[in-house]
Amino acid sequence: MSATMAALLHRDLRVAQRELKYFFLRVGMQPLLFTFIFGYVMPRQGIVQSGYGNLLLPGILALSITLSGMQAVALPLVVDFGWTKEIEDRLLAPISIRGVAVEKIIVGIIQAIIAGLFVLPLAWLMMGSSLNLQPGNALLLIAITLLSSWLFAALGMVMGTMAQPQQIGLIFNVLLGPMIFFGCAYYPWAALKVIPWFQAFVLINPLVYASEGFRSALTPQLPHMPMWLIFGGLIGYCTLWTYLGLRLFQRRALD
Amino acid sequence: MTDVIEVRDLQKIFKAKRKSKTVDVRAVEGISFAVPRGEFFGLLGPNGAGKTTTIGILTTRVMPTGGAALVDGIDVARHPVEVKRRIGVVPQVNNLDRSLTGRECLLFHAEYFGIPRRVREQRADELLERFQLADRANEKPTSYSGGMAQRLKIARALMHDPAILFLDEPTTGLDPQSRRGMWDLLLELHRKGQTIFLTTHYMEEADQLCQRLAIMDHGKLLEINTPSELKKSVPGGYVIELQVQSKDGEVSPLAGDLKTLTGVAEVSTKDDVIRLYANTAEGLLANAMRLAGEREVMVINAHVSEPSLENLFLHLTGRSLRE
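Top to bottom, those sequences are chains A and B. FYI, in this note's numbering the residues of the first sequence are 709 to 963. FYI, in this note's numbering the residues of the second sequence are -8 to 314.
What the hints contain is simulated information worked out from the structure, not anything from laboratory work. C-beta: ideal position from N, C-alpha, C; glycine also.
What the simulated footprint calls covered on chain B by chain A, stretch by stretch (three residues with Cβ under 8 Å from a Cβ of chain A suffice, anywhere in the stretch; the number is not a length): (1) 62 to 76; (2) 99 to 113.
Straight line, CA to CA, 30 Å or less: simulated DSS-like cross-link-like pairs of lysine-lysine: (3) K793/A x K10/B; (4) K261/B x K238/B; (5) K261/B x K211/B; (6) K10/B x K211/B; (7) K729/A x K131/B; (8) K8/B x K211/B; (9) K131/B x K793/A; (10) K250/B x K261/B; (11) K211/B x K793/A; (12) K793/A x K6/B; (13) K8/B x K793/A; (14) K793/A x K729/A; (15) K223/B x K261/B; (16) K793/A x K12/B; (17) K261/B x K222/B; (18) K211/B x K6/B; (19) K211/B x K223/B; (20) K250/B x K223/B; (21) K222/B x K250/B; (22) K222/B x K183/B.
Beta-carbon label-pair distances, calculated as ranges: (23) R9/B x Q875/A: 22 to 28 Å; (24) I879/A x R(-1)/B: 42 to 48 Å; (25) W791/A x N129/B: 24 to 30 Å; (26) L847/A x V84/B: 44 to 50 Å; (27) I943/A x E120/B: 52 to 58 Å; (28) V14/B x L911/A: 41 to 47 Å; (29) E130/B x Q929/A: 54 to 60 Å.
Work out the full structure, taking the sequences as your base and the hints as a guide.
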């Protein structure tokens, strides 16, 4: 990594660090509320089985990473490109345009990982004894975490370079709703075999591979998507969004 | 290597969408010039002349579609990163980092350029002091006045000690006092050896600051010279402008008569306006009015101006720079 890229990272992490409390509110609120209702309240009411937490936790983790990775890249970019033109300040640093874009994705990856590290223990605590996690393969967990973070950081770049500032709220709402509900975050993909067309349809959703990936890493004893499909989906989408994101960034950055 | 900037047949054609059709917008049409090290060089022209596009190409932010531009001997299109190391840029828009304080803006900028911590801290404090920003250095630049933000942008551009400083319309939007202050600051930088490239649409600014000027309009360079030579190049130097009304709507007979008056170097007409370029203004207006009276042409407006860049622009383009 060049010294300039390290300096750009330093700047972004300094700014993120200052907004840490907002960051935790942003990434933690929804997953933790969900965990509380579905992983704590409802099992006690007997509405959902107590083992549901095992299915829920990996999905919640995937969701936190999705939201934070995407927002960490997309929101600042939309503002920088469309409104403040602040991106000019970074583009005049002695680094290629692509270098600036790659740095933004790395920042997204870092923030996504931090969000995961924040949500995982809290969700674990909330669901407590009902959980039966068997994370035997640390390497697998790390690989899934990195690939999922990368995927959604790169998707954030695509959104951040395509959207106008006034549209971004709408895009997040329109895109995130279906993505979360069709993302196998709250139910396992394998169980969708009862609705075959839906099981096939949700494969276009990148969140599915992250959710199933975390299931394969944290609860390998339960049925999950085959490994080749998980990695195929994650790597395929990483490549696609990164390629598109860098191209769009370059186009927006250079007249 | 004495030229810091070398531009040859530079061209930029934008693709723009107008009424669902793609049209070519020729922002820069084959311009050539060079700027030697140590010079204070200005690009003067009205809004839309192509100044910002030209500075955009020289600062690697716009890709040229033809010709070549070299900064410090390096091709801007082929080696933009190397060029960025050598230039300091003060863009027209306020692109200061709003998430940082004024002092941090300078420090992080220097860090991007790989300047060691001790050096960048010392340099930031010096510049903050010199640009009268020291007591507001720990505030975010969103709270700064226009003049302060502009000074911080210049300080930022100087943090990595660039071979050349680019300023795009640095005093647009500033109040007269801040503008004065900005001029003093730029002149002082230049006295200390800084090469400066500035664009402006204020003639007075170009006249006061620049050693050499290029006059730009519609993507082309019309003249390049020192301000005093440029002013001398206007025939006569003085301009007398008469807006007239004749019974038959014809102004050319009067224009022909006016050419014979002593001191008149050139006469041009455009619609109902006759312009006399003359080497003196004294007595000429009275004589012109007398001739108009003899021809039964009514002069409804008359204006006399002294030798200026405005007159030159008028002479070159037939339009006022202010239009």
